[in-house]
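*Asks:* Please model the complete structure; the sequences and the hints are all you need to start from.
4 protein chains.
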Amino acid sequence: MKNTLTDVSAGLGERFCSVRQQTETLCEPLTPEDMMVQSCPEASPAKWHLAHTTWFFETFLLSEFLPGYRPFHPDFYWLFNSYYNTVSEQPVKKLRASFSRPSLELILGYRRHVDAAMQKWIEEGVTPEAARRIELGLHHEQQHQELLAYDIKNAFWSNPLHPAYREGSLQSPSSASAMQWIGYEGGLVEIGHGGDGFCFDNEQPLHKVYLKPFELASRLVTCGEYLDFMRDGGYERAELWLSDGWDTVKAQGWRAPLYWFEAEGEWRVFTLRGAVALSAILATPVCHVSHYEADAFARWAGTRLPAEAEWEIAASGLPVEGNLLESEILHPTAAKTGEGLQQIFGDVWEWTASAYLGYPGYAALPGALGEYNGKFMSNQMVLRGGSAVTPESHIRSTYRNFFPPASRWQLCGVRLANRQE
Amino acid sequence: MKNTLTDVSAGLGERFCSVRQQTETLCEPLTPEDMMVQSCPEASPAKWHLAHTTWFFETFLLSEFLPGYRPFHPDFYWLFNSYYNTVSEQPVKKLRASFSRPSLELILGYRRHVDAAMQKWIEEGVTPEAARRIELGLHHEQQHQELLAYDIKNAFWSNPLHPAYREGSLQSPSSASAMQWIGYEGGLVEIGHGGDGFCFDNEQPLHKVYLKPFELASRLVTCGEYLDFMRDGGYERAELWLSDGWDTVKAQGWRAPLYWFEAEGEWRVFTLRGAVALSAILATPVCHVSHYEADAFARWAGTRLPAEAEWEIAASGLPVEGNLLESEILHPTAAKTGEGLQQIFGDVWEWTASAYLGYPGYAALPGALGEYNGKFMSNQMVLRGGSAVTPESHIRSTYRNFFPPASRWQLCGVRLANRQE
Amino acid sequence: MKNTLTDVSAGLGERFCSVRQQTETLCEPLTPEDMMVQSCPEASPAKWHLAHTTWFFETFLLSEFLPGYRPFHPDFYWLFNSYYNTVSEQPVKKLRASFSRPSLELILGYRRHVDAAMQKWIEEGVTPEAARRIELGLHHEQQHQELLAYDIKNAFWSNPLHPAYREGSLQSPSSASAMQWIGYEGGLVEIGHGGDGFCFDNEQPLHKVYLKPFELASRLVTCGEYLDFMRDGGYERAELWLSDGWDTVKAQGWRAPLYWFEAEGEWRVFTLRGAVALSAILATPVCHVSHYEADAFARWAGTRLPAEAEWEIAASGLPVEGNLLESEILHPTAAKTGEGLQQIFGDVWEWTASAYLGYPGYAALPGALGEYNGKFMSNQMVLRGGSAVTPESHIRSTYRNFFPPASRWQLCGVRLANRQE
Amino acid sequence: MKNTLTDVSAGLGERFCSVRQQTETLCEPLTPEDMMVQSCPEASPAKWHLAHTTWFFETFLLSEFLPGYRPFHPDFYWLFNSYYNTVSEQPVKKLRASFSRPSLELILGYRRHVDAAMQKWIEEGVTPEAARRIELGLHHEQQHQELLAYDIKNAFWSNPLHPAYREGSLQSPSSASAMQWIGYEGGLVEIGHGGDGFCFDNEQPLHKVYLKPFELASRLVTCGEYLDFMRDGGYERAELWLSDGWDTVKAQGWRAPLYWFEAEGEWRVFTLRGAVALSAILATPVCHVSHYEADAFARWAGTRLPAEAEWEIAASGLPVEGNLLESEILHPTAAKTGEGLQQIFGDVWEWTASAYLGYPGYAALPGALGEYNGKFMSNQMVLRGGSAVTPESHIRSTYRNFFPPASRWQLCGVRLANRQE
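Protein chains in written order, with our numbering: chain A, 1 to 421; chain B, 1 to 421; chain C, 1 to 421; chain D, 1 to 421.
Since the hints were derived computationally from the structure, they do not count as laboratory data. All clues given are correct.
When chains are identical, the list treats them as one kind, so a pair holds in a single copy or across two.
Dumping the calculated BS3-like pairs for lysine-lysine here, alpha-carbon to alpha-carbon at most 25 Å: (1) 375 to 250; (2) 250 to 93; (3) 375 to 212.
*Replies:* The following block contains the structure:
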């Protein structure tokens, strides 16, 4: 039995190191000052992400499972709590921008302290329950890697000098491959996670749903197609929008996706590699659009957004590959020519028409970790498939991401479904 | 053929008179000054309801179907438009409180003018299409009758003198009947409206859904049960709440349902018949709670809110009867002792766990009337069953009402469903 | 001694009737519904003005001086309190729009009840102290007459139909008389109220100030001159504005005085007599400008606003006559040709460059009436001279009116002073 | 003539180095991360202060006076502009927290670049006009030194760990010296700056004012005295407050000065040297109170705040010495026992009863520098005397500081004046 646990631990140890390292690698282009910026209410400073992901392991693993574990700092258990009311009170989110102390150096020391304790523990062998929770901590950290990328993009966009996070230009073919409709027969099908591997509580239980026959677009909507929508008055025609969406368009003055701006008579797009001409990336998927914009675009196109069950049935069985974080492109790329569904994993999170709610029989994890997913099941929409900054080992066909419908600071885009009779 | 139409019109004419008269009857206890008050952003002045329901018939029936119809006033087509962008621009909602002109007298003249034209037309015979749209206009007016009751309640609540809308006290037994669980087997069932009678576009199409076996509570949650929740720290325990709900509780300072207030050491409840002691109505259904409160109560009770499909399957086939507007009680009453589901129709709108979205294959009505329902399918939750101020001829088992989850100014309450394995 | 008091009372009784009647006369063109409207946070419904002015006499005179006086209604002492914290808590100001009850009829009954008691008391003879306080109550009522005119103007402006308060057109010559500079030698002078007649506490004590020689414009700035400022980019040039003023211009989107609007290619001005073409009233004084706009205009013109002491020295000894409420024009009119200072009293309140602060040695009235003026000595600017809706018996050269610098809903305008070396 | 200029330059060069160095000395305890924090809308990050003060010399001296001067960076002329609309558009103030780039290192390079050019120029000799403007730039930098101290205090206060800026404890005697009244005879006096030395435009012109005889308190109000006010219900008694002040107390929930907090049953005070027990510093001057609080305290004490002219007459002729920045205490200290006026310079800025307005005949500097003072003459109150973080060479008896009346994040305190008959 001991052996088995050690075996589990062996792979786990390697994965632990790899995921933890990935977070720090993402910070390599950043200065300590960059890592202080919190440029919008949704965002957190990069330094905070470094600390909070470490806090997760210290709070939910080391302090809980390892008798005699000594916390790195007496205040960190509440200082770097995000929203787990069951654990402690938390600093108001916007205060994270004032955390000049502890210094980056101390936070990196915190990471080393926790990593060392974790690695020693994993080497010595952990119980299956602990292994499952470590896996949860690693997926948690991967979610923050993605947030870190979004947050630093917004930080650099807010900086009037618009610095680039990484050098190098984005490549794109001059035109997109033709969009095709792929048909599915539907019927009484099963969705949700039923296997042995890791999943979040919100992917369970596996359950039956009934679907009418449906068709999905073979690829994502491109910047060029979205520009057509804009030129056809997309942002001025109330009849294309949900009521809340139209109110948001007017209140926020939206007239293009986030990070699109006009300069010297042309549209330009701010990316993690700096600003590029929109004309150079017309064939790439449109991104940084809200659910409202995705929905209005679909209505304009005489189509609709897919239900999450439709998306999952279509994605089920497809290999997890695509333009994900490991490609290091950090931005969606044009679809390859070819048969069948393209761009299912990676590139952009795909807005669905489904509200984020618990599956029938859903039960949150017990204790504080029950706050991870369940309490957000209100006023949010489901997105599927991961983005160009999602780690490959983090995504799967049953994965349910969720954002409020007005959110735009993530890499969110649009796949269409055909209207039904 | 002519005869058939006249036959249709005959019943229609009577129903038209009856519904239109009902609105004015609701205004009888009100002075012209009462009918000016707009006490919260959700509400409208009673005078505006009188005018806007008339505008509906003038705009979508008389002006569209009757050649040569002369509008009552050249400005009313835009002045009393609520949110139909396709028809015209509209005054900002909060401005409705400034409509001292046109006077109440002129608005009543407007009603008489439109009623006369409508009645003459109906007597002469209308096409089936027109008859369907007149029916829609009548259901629209019934919805505004309900809103009028909510709005005047809020108006009188805002008035520091807390006047009563109607005289007479509320009756209630001292204790509620026992709550029982009624079981349903689920399976692949059909919901939505499939028959010939009137329904809104959002009730269609009839479609299949798969349900696991489920149990519903035999009656609504009572004020007494809700008071237990409060006394058990319901409003202070974050773990019971959706995250958005908890934020709302803190931001709004909620600590009881709307219209509950403490005076001289006891809880009192403001109703359309003035304030009553909570202790006198403990057996009546709790009302004026938001979706957040309903959901937190259910979690506290170890239960959940029903899905809208579960509710509809349970309600299907039951007679439409209960404490509705025609009972003239204007407030929910205690459940009768008895077998089976109680209080399905009337008393309070029952919050479900379902987001308000289009059914698979949903299509909005063509033209401006397509703005009636579809554009609100975002950030709202479905409620079922009607309330003590819903007209009996307005409600049915497939009826889908919808409000944002933080809404409390309507007669909304709670029916529980049993947690599933 | 008794005789003397009766003598005083004789004139007082007549003045009491006359002022009280004036308020009701102002309401004659209004319906009960008009008297419910509260269209901006600064405004109150006309019905509230009717009640609050009555409350003043009941609270500070009848209840305090007349043993055994029985208040008209047990709740009115707090319901119609405006801001006298020493007397009672008050309803939040914006709630005044919800006071549909008490009805207008009941408020008029309240007035008759209080008027009868006051008149009887005055006839029987009042003490000098009571007489002084009655005089204060009458001046208080006159201030509310002016507010009532402003509030109903804003109410009718907010109404999308823009009804007129009174019929009849405004007359204006086609061009204004030439503006001249009138010189004053300054020196060590005295300002403030030193005589026997009525004054507010903020006009006292009489005190010395030192003034350099100065020059005042012979007449008010006209609409035509203000239009020149606008056409010269007045609202787009930051260098002309105080910093707070520039922030306000941008935040509010100001580009013209309040009540100016563009329709069919020309500027129009909404007045108490409905909308008129700006071109028809170019020679009349500009009004409904804030202190910020008055200050920016003066800077643009190479001039400045007068100090309140300069204005008072210039106005001192001039007869109180001009376009005041009694002229029933209700809007400023063009200056007459002639020598010397024109338009000193009436037409528009003239913004000064002086902050509203207590004079050296200022002491507020004792008790609750001390809240009348003193507590507002912060963030406000002094205005002088009265307006076209100020009663003639209410204004004098020492009178200090005060508004926050961003206020525009009153009849405020501009008189220039020459820059000094 | 050349010689004379060089002579002037000699002293100027030394002063230039000394003031510029002082700014960097203030930053020594700070990390690059500390220098990113902007914890309230009034504050700026320390790094921004370093850059903006340099921008002043580059923009108004080097670029304007030195032909061929090459700016350090092509974007800095607009990036580090604070509010000079005449120079360029500016980034919105709150964006300063996003300026992670340029790095601190680059900003320090900017300082060295500009300092070298300035020093070379000064050594070569500057015109009197340039020398005057350099002097203005140095005073500008000293103002930002003071702001930097306030801003970093607020930053560390916002940080939930409450770090200390400097080590070392504050010393205080256990009780304050007795407060005495010092009498002045007033009369027709002159205030304002009339000499040859440097002054801001708002201190001019020298002009006559008339003052009644008055008395000033010999020392500042202490924390102990302020605690008495609090214990006497100071924050709960509306009658003590200006109306705007009372609204602010309620809206902000004020119940003590800024930086006072309760912990373990006692009041503590956060300072630049960390938190100290209030009981240990009762004899020190109260600070971080708004004008509203100063005014309410004075009213409670049966006194008033001094007019700025009274303060200036009293301070005129006194030596500029006291607890200023050079003492390195960074917090007000208890008054010494002794005769006459104490604590006139240093310790805390003293709120006066005077609104910040232009003196008679005031003229702003020509061009962009005219935006320095004049445009803020609205809604602000005058403060006098400097604080414990004001450089000694920066303050004088004619110096007029100004803040909005609700401001509390500066070292502001209270000196009383005796009420006049």
